[in-house]
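Listed here are the chains, written in short residue letters.
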Amino acid sequence: MGFTDRINGFARRVPPWAVYILYLLPVPVLVYMAQTGALGREPIKALEHELGEIALQLLIIGLAITPLRRYFGINLLKFRRTFGLLAFIYVVLHLAVWLFLDVGIASQIWADILKRPYITIGMAACLLMVPLALTSNNWSVRKLGPAWRKLHKLTYLVVLLGSLHFIMLTKVWEVEPLAYMAVILALLALRLPKRRGNQAA
Amino acid sequence: MAFRWKNTLKESDVTDEALFLNRRQLMGGAAAGLGLAAAGRAASAEEALTPNSWEDITQYNNFYEFGTGKSDPATYADELTTTPWTVAIDGMVDRPGEYAFEDIMKAMTTEERIYRFRCVEAWSMVIPWNGFELADLLDFAGVQDSAKYVRFETLYRPSEFRGQRSGWIDWPYVEGLRMDEAMHPLTLMATGIYGRDMPNQNGAPIRLVVPWKYGFKSIKSIVRITLTDEEPVNTWQQLQPSEYGFYANVNPEVDHPRWSQATERVIGGGLFSPRIPTLMFNGYEEEVASLYEGMDLTVQF
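These protein sequence lines are chains V and B, in that order.
With my numbering, the residue at position 125 of the first sequence is 125, and numbering never jumps.
With my numbering, the residue at position 208 of the second sequence is 208, and numbering never jumps.
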């Protein structure tokens with residue numbers, strides 16, 4: 001209990017803007033590394049992959065907040081919007097690298113979105129995040145009422161599509177993308193309605 | 001017989017690495033000064049090829065025996081020992097046997113070949129290989145008339161190839177060529193790069209290079225060459241037959257099911273390196289197109 005209280009006390013004192021700053025620090029660092037060769041001999045793909053992976057991690061953190069409270073009493077609810085918006089920022093950066101640095105040819109971009117299932121899926125996940133980002137403010141929460149909660153359940157679909165997008169782009173079954181999917185499925189399973197006789201603390 | 005194929009470059013342009021680096025610097029400086037950095041990358045079959053740096057070639061590649069990451073081969077390369085090394089040549093040959101690498105080198109004449117290298121993942125390099133024609137090695141072993149294909153095998157040694165300890169791929173790695181492809185003067189057995197011995201991460205001590213095919217056909221660290229009358233099932237075809245075929249000829253018009261093959265990124269251009277158009281048969285159309293006359297390349301990809 002003491003441990004949980006300490007975490008909750010600490011979380012109360014940390015302002016969300018501090019989390020934004022902390023989590024946006026990797027952007028200039030990665031761009032600098034890409035420029036100086038620290039990301040390897042092909043910095044474009046490396047940067048694209050790093051940004052996409054951070055976006056997926058942020059979505060997973062957002063997904064973990066409810067189970068953390070439900071099963072461990074750790075209350076990080078005030079950061080859920082922060083992590084969601086950060087995830088959106090990273091998805092947009094990931095998309096921008098793909099559009100402008102990776103492909104850079106308009107006709108091929110359009111063809112890829114239509115013809116390549118993993119890109120179609122990635123684009124779909126990105127577009128589904130737009131209404132979520134646009135309604136991530138107190139005014140929208142009040143205005144939309146119960147519809148807001150329903151709308152934001154789209155996050156579950158977004159994170160599943162994002163993870164699938166990662167699995168589909170590798171040439172063979174690789175451990176890392178599958179591990180992400182496993183964590184996501186576990187976090188979603190924890191949200192299923194509890195069986196009777198299992199009272200929450 | 002060595003020196004059958006002529007590079008598009010003069011020997012004086014290509015032998016010395018220091019000279020290369022110098023020239024690259026000069027060109028880079030001049031191009032930047034004139035604002036022509038992007039234009040300098042445009043590839044055409046006629047244009048002289050500027051090889052990638054030693055670092056590009058040895059630090060960014062696929063060699064799943066060391067792991068699936070692009071830097072894994074360079075990272076774990078020193079875990080492989082390549083002495084002693086023998087290559088078994090067997091099947092439909094007159095002189096089958098286990099040939100020591102040194103004995104093969106004594107019998108062959110190596111030369112430099114500057115080839116485009118195009119990965120199936122849509123990136124490319126230009127690599128100054130050293131080696132000899134596969135045809136010469138096959139003549140050395142004496143190919144029998146009944147042989148229709150050549151099958152190659154990479155070393156299987158999970159104690160040194162950490163990638164072989166995972167089970168996604170049915171090791172050892174296998175590749176194959178049709179006899180006319182194997183005997184083609186462009187088809188090289190490479191034993192070095194930039195005049196140095198082949199680095200472990202690039203397939204030491206001896207590997208295949210088939211410049212008009214996607215890179216995965218150019219099997220590395222070869223320990224067995226078998227002459228056969230059956231088309232070998234190569235590793236990638238076995239893994240994913242809808243995505244990878246036996247031929248794997250570079251073809252900008254036949255896309256990989258999951259990505260376009262119309263363009264490629266030249267490695268080494270940094271964060272703002274544009275894609276360039278991929279050339280039919282990787283720019284070797286004149287030399288090899290006749291091998292595939294009458295074949296539907298969208299079916300036999």
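Take the hints with a grain of salt, since some may be wrong.
Claimed, not checked - Looking from chain B toward chain V, a few residues come up when the C-beta cut is under 8 Å (computed): (1) Trp54; (2) Asp56; (3) Lys70; (4) Trp123; (5) Lys148; (6) Tyr149; (7) Ile169; (8) Ser260; (9) Gln261; (10) Thr263; (11) Ile267; (12) Gly268; (13) Phe272; (14) Pro274.
Derived from the structure by calculation, the hints contain no laboratory data.
Don't be surprised by glycine CBs; every beta carbon is placed ideally from N, CA and C.
To see whether the hints hold, each was checked on the structure:
A least Cβ separation of about 11 Å between Trp54 (chain B) and chain V goes past the 8 Å threshold, and the interface hint is therefore violated. Nearest Cβ of chain V to the Cβ of Asp56 (chain B): about 5 Å, under the 8 Å cut. The hint holds. Below 8 Å, beta-carbon pairs count as interface contacts, and Lys70 (chain B) has one with chain V at about 6 Å; its hint therefore holds. At a threshold of 8 Å, the smallest CB-CB gap from Trp123 (chain B) to chain V is about 6 Å, leaving the interface hint in force.
Hint status for Lys148 (chain B): violated, given a least beta-carbon distance of 29 Å to chain V, over 8 Å. Because the beta carbon of Tyr149 (chain B) sits about 25 Å from the nearest beta carbon in chain V, more than 8 Å, this interface hint is broken. For Ile169 (chain B), the interface hint holds, the least distance from its beta-carbon to any beta-carbon of chain V being 7 Å, beneath 8 Å. With a cut of 8 Å, the hint placing Ser260 (chain B) at the interface with chain V holds, because the nearest CB-to-CB distance is about 6 Å.
For Gln261 (chain B), the interface hint is violated, since its Cβ never comes within 8 Å of a Cβ in chain V; the closest pair sits about 11 Å apart. A distance limit of 8 Å between C-beta atoms decides the matter here; for Thr263 (chain B) the minimum to chain V is near 7 Å, and the interface restraint holds. Given the 8 Å rule on beta carbons, the hint for Ile267 (chain B) holds: about 5 Å separates it from the nearest Cβ of chain V. Checking Gly268 (chain B) against chain V by beta carbon gives a least distance of about 6 Å; that is within 8 Å, so the hint holds.
Hint on Phe272 (chain B) holds. Least Cβ distance to chain V is approximately 7 Å, under the 8 Å limit. Of the supplied interface hints, the one on Pro274 (chain B) holds, with its beta-carbon coming within about 6 Å of a beta-carbon of chain V, less than 8 Å.
This entry does not satisfy hints 1, 5, 6, 9, going by the numbered hints stated previously.
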